[in-house]
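Participant: The chain contents come next:
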Amino acid sequence: MITITLFHYLAISVILFSLGIYGLASKRNAVRMLMSVELILNAANINLIAFTAYLFPDNFVGWTFTLFIISLAAAEVAIGLGIFLSLYQIYGTANLDDVKKN
Amino acid sequence: MILDAIIFFTLAGIIILSAIMVLEAKEMIHAAFFLGILLITVGELYFILAAEYIGVIQILVYAGGVTVVMLFALMLAPTKETLHDSIAPIKNLILILLIIPLILMNLKVVAGYIQSPFEFNQEVLYNFAIYLLNNYSSYFLLLVALLIAIMLSSSYLAERRIRK
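Chains A and B supply the protein sequences, listed in that same order.
Heads up: take any position in the first sequence, counting from 1, add 4, and you land on this note's numbering.
Heads up: take any position in the second sequence, counting from 1, add 9, and you land on this note's numbering.
Calculated directly from the structure, the hints in this document are not laboratory data.
Computed from a predicted model, the values in this text were never measured in an experiment.
Take the hints with a grain of salt, since some may be wrong.
Unchecked claim - Here are some, though not all, of the chain A residues that point toward chain B, as calculated from beta-carbon distances under 7 Å:
1) 23
2) 35
3) 43
4) 67
5) 70
6) 74
7) 86
8) 89
9) 92
To be verified - Calculated lysine-lysine pairs in the BS3-like style (CA-CA distance at most 25 Å, straight line):
10) A/31 / A/105
11) A/105 / B/35
12) A/31 / A/104
13) A/31 / B/35
14) A/104 / B/35
We put the CB at the ideal spot given by N, CA and C, even for glycine.
Next up, chain B with everything else stripped away, as it sits in the complex:
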């Protein structure tokens, strides 16, 4: 019970601190980095809440995809804020070096802690898959159409830029 509380409040602290840093970090690159930390930690919360599948999707799509896309945008469009100073001060480096082991430790603790407070059994995932395919398959097709439209419009935007 006490371990529960310790893990939860650690995760909550990381989430809130990194959310503040996302908004207040001077460098946009640092803001993107803290956004990645926030998204991973929210994924860990999902692990505690017995939604492992959603946690994995969160870490893969959000922390993996969205953060990298944002970093690419920041690299392609160096605004004043990103150009501000090219070499990160040692203070920031130490902060980053401290945060990464903390996140890894969290992942290990949370992953070893899946059993409680909610029970994890494999049937849940199986039932979830059946439920999705039975009730939401048409919505998934809609989602596919939307994603294709977004892919085409992104390439249209890029093409317009190249022509100019």
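Isolated chain A, as found in the complex:
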């Protein structure tokens, strides 16, 4: 019989976080790098919610932090894509390495 514990949620979170770091380090497309940042933020959110559910069920700090992280992530995506579109207009490419060369 398998019981789902805090460890399982932390394992998912670690895998998501490392995939996000891998994407940030290896991909050069600006939109894909933004997506990797989303993966990292989601890993942090899963951590917060799982700790709240298992260790501090009567405490709302984790939920509050997650709410703030979600709204900040939406804002970050909006401004990041604005910058990406401007870069695309100027350099005609989404590849950040090509932007650096110009």
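Since the structure of chain A is provided, determine the placement of chain B on it from the hints.
Facilitator: Relative to the frame of chain A, chain B by itself:
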């Protein structure tokens, strides 16, 4: 208990597979699609963890807003990767058709499964609202200021583009 494990591992598998596809899909549009699937599934995890409110916010803001904004950016700036081939191969279509019912089924199972392992009662949500308004109202005002600043700066960026 066994249903617990089955649901959890299904969700975990979907999350990890779609995270890999976000990074490795050749077409950027497909990557955005898999990002949407990942965000919905993470929202389902929140449902299991008795954080229904956060799950709903996650699905509304993340899966609804962020994914659509990314799709719009990809449509406005067709990079080489997106232009690569305009008609998706049948293989991808079959994959998508298989994934959507899976997600819907998951949502139904998870939504019907809210009661355990954590108890859901309405007072929690009420207490959460009171807690937020009592302790974090000033931070919410800060957040509002930040969001307004971001809105203005986005429109500034767009205006600069139009003038050019």
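Participant: Run every hint past the structure and note whether it holds.
Facilitator: Cross-check of the supplied hints:
1. 23: 5 Å, holds
2. 35: 6 Å, holds
3. 43: 6 Å, holds
4. 67: Holds: closest Cβ of chain B sits about 6 Å from residue 67 of chain A, inside 7 Å.
5. 70: This hint holds: residue 70 of chain A lies near chain B, its Cβ roughly 5 Å from the closest one there, short of 7 Å.
6. 74: 5 Å, holds
7. 86: 4 Å, holds
8. 89: Where the cut-off is 7 Å and the nearest Cβ of chain B is about 6 Å from residue 89 of chain A, the hint holds.
9. 92: Holds: closest Cβ of chain B sits about 4 Å from residue 92 of chain A, inside 7 Å.
10. A/31 / A/105: Holds - the C-alpha atoms of residue 105 of chain A and residue 31 of chain A are around 17 Å apart, at most 25 Å.
11. A/105 / B/35: 24 Å, holds
12. A/31 / A/104: Status holds; Cα separation ~15 Å.
13. A/31 / B/35: 12 Å, holds
14. A/104 / B/35: 23 Å, holds
Consistency with the previously given hints is maintained throughout, with no hint failing.
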